[in-house]
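2 protein chains.
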Amino acid sequence: MEKPYVLGIDIGGQTAKCGIVNARGEVLAQTILVSNKHDDAPSFVEALAQTLKKLILDADLEGQIRGIGVGAPNGNYYTGEIKQAPNLSWAHEGNVPFAAMLSKAMDDMPVALTNDANAAAVGEMTYGAAKGLKNFIMITLGTGVGSGIVIDGKVLYGHDGFAGELGHTCAVRGGRRCGCGKLGCLEAYCSAIGVARTAVEWLDQHPEESSLLRLRENVTSKDVYEAAKAGDKMALEIFEYTGSILGRSFADFIAFSAPEAIVLFGGLARAKEFLTAPILEAMNDNVLPLWRDKVKLLYSSLSESDAAILGASALAWNL
Amino acid sequence: MEKPYVLGIDIGGQTAKCGIVNARGEVLAQTILVSNKHDDAPSFVEALAQTLKKLILDADLEGQIRGIGVGAPNGNYYTGEIKQAPNLSWAHEGNVPFAAMLSKAMDDMPVALTNDANAAAVGEMTYGAAKGLKNFIMITLGTGVGSGIVIDGKVLYGHDGFAGELGHTCAVRGGRRCGCGKLGCLEAYCSAIGVARTAVEWLDQHPEESSLLRLRENVTSKDVYEAAKAGDKMALEIFEYTGSILGRSFADFIAFSAPEAIVLFGGLARAKEFLTAPILEAMNDNVLPLWRDKVKLLYSSLSESDAAILGASALAWNL
Numbered sequence: 021m022e023k024p025y026v027l028g029i030d031i032g033g034q035t036a037k038c039g040i041v042n043a044r045g046e047v048l049a050q051t052i053l054v055s056n057k058h059d060d061a062p063s064f065v066e067a068l069a070q071t072l073k074k075l076i077l078d079a080d081l082e083g084q085i086r087g088i089g090v091g092a093p094n095g096n097y098y099t100g101e102i103k104q105a106p107n108l109s110w111a112h113e114g115n116v117p118f119a120a121m122l123s124k125a126m127d128d129m130p131v132a133l134t135n136d137a138n139a140a141a142v143g144e145m146t147y148g149a150a151k152g153l154k155n156f157i158m159i160t161l162g163t164g165v166g167s168g169i170v171i172d173g174k175v176l177y178g179h180d181g182f183a184g185e186l187g188h189t190c191a192v193r194g195g196r197r198c199g200c201g202k203l204g205c206l207e208a209y210c211s212a213i214g215v216a217r218t219a220v221e222w223l224d225q226h227p228e229e230s231s232l233l234r235l236r237e238n239v240t241s242k243d244v245y246e247a248a249k250a251g252d253k254m255a256l257e258i259f260e261y262t263g264s265i266l267g268r269s270f271a272d273f274i275a276f277s278a279p280e281a282i283v284l285f286g287g288l289a290r291a292k293e294f295l296t297a298p299i300l301e302a303m304n305d306n307v308l309p310l311w312r313d314k315v316k317l318l319y320s321s322l323s324e325s326d327a328a329i330l331g332a333s334a335l336a337w338n339l
Numbered sequence: 021m022e023k024p025y026v027l028g029i030d031i032g033g034q035t036a037k038c039g040i041v042n043a044r045g046e047v048l049a050q051t052i053l054v055s056n057k058h059d060d061a062p063s064f065v066e067a068l069a070q071t072l073k074k075l076i077l078d079a080d081l082e083g084q085i086r087g088i089g090v091g092a093p094n095g096n097y098y099t100g101e102i103k104q105a106p107n108l109s110w111a112h113e114g115n116v117p118f119a120a121m122l123s124k125a126m127d128d129m130p131v132a133l134t135n136d137a138n139a140a141a142v143g144e145m146t147y148g149a150a151k152g153l154k155n156f157i158m159i160t161l162g163t164g165v166g167s168g169i170v171i172d173g174k175v176l177y178g179h180d181g182f183a184g185e186l187g188h189t190c191a192v193r194g195g196r197r198c199g200c201g202k203l204g205c206l207e208a209y210c211s212a213i214g215v216a217r218t219a220v221e222w223l224d225q226h227p228e229e230s231s232l233l234r235l236r237e238n239v240t241s242k243d244v245y246e247a248a249k250a251g252d253k254m255a256l257e258i259f260e261y262t263g264s265i266l267g268r269s270f271a272d273f274i275a276f277s278a279p280e281a282i283v284l285f286g287g288l289a290r291a292k293e294f295l296t297a298p299i300l301e302a303m304n305d306n307v308l309p310l311w312r313d314k315v316k317l318l319y320s321s322l323s324e325s326d327a328a329i330l331g332a333s334a335l336a337w338n339l
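Residue numbers (this note's numbering), protein chains in the order written: chain A, 21 to 339; chain B, 21 to 339.
Please note that a few of the clues may not be correct.
[As the list claims (entries may be wrong)] Computed beta-carbon distance windows for the label pairs:
1. B/E113 x A/K316: 52 to 58 Å
2. B/H112 x A/E113: 57 to 63 Å
3. B/Y261 x A/G152: 55 to 61 Å
4. B/W337 x A/K292: 45 to 51 Å
5. B/G83 x A/K316: 26 to 32 Å
[Claimed, not checked] Heads up, incomplete: computed chain A residues facing chain B, CB under 8 Å, no partners named:
6. A183
7. L186
8. A275
Honestly, the hints are just simulated from the structure, not real lab data.
Yeah, the Cβ is synthetic: ideal placement off N, Cα and C, and Gly gets one too.
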C-alpha cells in the first residue's frame, strides 16, 4: 500500500513550521522550530530532523510518510539547494544542498524543495482556490512580493529553477530602491513593507492632511489596514494606489502567460475589501482588449495557519 | 513509411508564402499567393488550396505530405481559428475557423495553426539558433513586436491560446499610444514603426540638431538604419534608445520565465550591430543579480527568405 501521509515544512526567517498532512489536505499534527538560532546548516538540519522524527513518533505514524516537501526562501527545485537566502542565518552565504542533507538526516526519506511562493501555488492548486485550474499565477503579498506561476498544471521553474520572480519586475521606472538593489520593483510598493513606505512618504509629503496614521510612531501595513477600516481617507488612498500598481503589473503578467486567474495570498491579501476594486480597474485598463474582464482575481482559500505547511507538503505527493 | 515532407504557410497582410519542407529544414519548393484580394475567408481558402495542390503536383510529391503548419496573425493553436486580424481583408471581423476550413479543402490533410511569432519560435527551435534550447523567448521585431515563449521545449499558449503578447506589455508608463489602443506598449517604441516614430519625434523636438534623417520626407526604420551605418549621431542614439527599452523589458521577461536565451528575429534585428550593446547593458542593469550576464542574447540564424515558411512548417511535424 502506498504511504498515505506527507510532511510539509515552511522555512522562514524566524521559524520553521512543520506538519503531517493527509491526501485531503488536513494537517494532522504540527510543530514549530526556531530557525534563527543556528550558525550553520548542519546543526539546523540536525535539529529539524529530530523535530520531525518526534512529530512522526508522537502521531504514531512511523513508516507511513511518503516524503517531505519544503518551501524555503531561494529554494531551487532542480538542485535542491537554498541559494544565498539573506534572512536565514545558516544559509545567507553560498549554496546549501538542503534537500540532500535533510534526506540523509531522515534515513533517505525523499525530499522536494522549492521557494515559498511556488510552494504556495502548489498548495493552492492541490487543496485551495486554484483547485482545477491549470494556468494561474499565484502572487504572495507578504513582507515581500513573491510569485508562483503554474502552466498546464505544472509550476514554472525555467532554465535554472528560479523562474517566477515577479516581485522584482519593474512597477515604477526609476522608482523606490528595493531590497534587492534595483529601482522601482513591484515588491518595493506592494509588499507589507512597501505599503508602510508609501504611508511614511505620503505623511511626509502632505503635512497638511490629517490622518489616523499620524498617531503611529512606526507605521506598519497593519496600521494602514486598520485606519482604512476606520474610514481614514489617506489609508484608503494608499490601498487604492497599491491596488492600481498591482493591477497594471498583473496586466503585463497576463500578456505573458494568459492565465485563467491570478490568485492572491499572504498577509496583505487580507485587505481584499480595499484592494479588489483598484486591482481589477487597473488590470482591465492596461490589458489587451481580448483579456478585458476575462481573467479572474481570486484569493487564497486556505486557512492562514495551515497554508504554509499545506503548500510545502503538496510538493511531496509527486515524490 | 511515415510521410517525409510538410507544408509551411506564412500568412501576412499582403501575401501568403507557401513551401514544401523536409526534415532537415530545407525548402524544396515554394510559391507566393496574394492574400489581400479576397473579401471572404472561403474564397481565400479555396485559392490557397488550389495553390498548394499545384505546388505538390509540380514537385511530384503527391501522397508524401504529412501535414500543414500555418502561421497567421491572431492565429489560435487551440481552436485553429484566426480571431479578428485587422490586417487580413478576409478575417478582420469575427473568428475564422481557418485550420478546419483548410483541412477540408485539402482532402482532410491535418492542419496546425498558430500566430506568426509562435511559428517563428518553433522554427528557430527546430532548425535555427535555438536548436537544443528548451527555455527561450523569441522576440520578433518587425512592423510590430511579437513574441513566442518556449518553456520545457514547448510553446506557451496559456489558458486561451493567446499567451506571449509581450509587444503589448508596458515599456513606458503613460507613453505613446500603441496601435492596440493602450499607452506605452513595447511595440510602440521597438517595432519598425516605433523606431520611425522616435525619429519623427526627435527631429521635431531637436530642430537645432543636424541629421541625415532630415533629408527624408517620411522617415522609416530602414532610413534610420542606413543613417546609423553612415555614422549619423541622431540615428545612432535612436538605436541606443530603442535597445535600452528592449533590454529593460527583457529583464522583466527573464524574471518571469528564467529563459536560457532571448532570440531576436525580424527586419529590425538586422540592426544588431547597433542594438546588441544597449540591449545587454539595460538587460543586465535591470535584472536580479542572479541572472546578471547569464542570459544569452541570440539572433535568428534562419535565412530571411525561408524563415517564415520554415517556422510555420515546423508546427506540422507533430501532427
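These are the hints, each one checked on the structure:
At about 28 Å, the CB distance of B/E113 to A/K316 disagrees with the hint of 52 to 58 Å. Checked against the given bound of 57 to 63 Å, the beta carbons of B/H112 and A/E113, roughly 59 Å apart, stay inside it. For B/Y261 paired with A/G152, a C-beta distance near 46 Å fails the hint of 55 to 61 Å. At roughly 47 Å, the beta-carbon separation of B/W337 and A/K292 lies within the given 45 to 51 Å, and the hint holds.
The hint said 26 to 32 Å for the Cβ distance between B/G83 and A/K316, and at roughly 48 Å that hint is violated. A cut of 8 Å between beta carbons decides the hint on A/A183: the least distance to chain B is about 4 Å, and the hint holds. Using the Cβ-Cβ criterion of 8 Å, the hint placing A/L186 at the interface with chain B is satisfied: the shortest such distance is roughly 6 Å. Given hint, A/A275 at the interface with chain B, holds; its Cβ is 4 Å from that chain's nearest Cβ, closer than 8 Å.
In this structure, the hints that do not hold are numbers 1, 3 and 5, in rising order.
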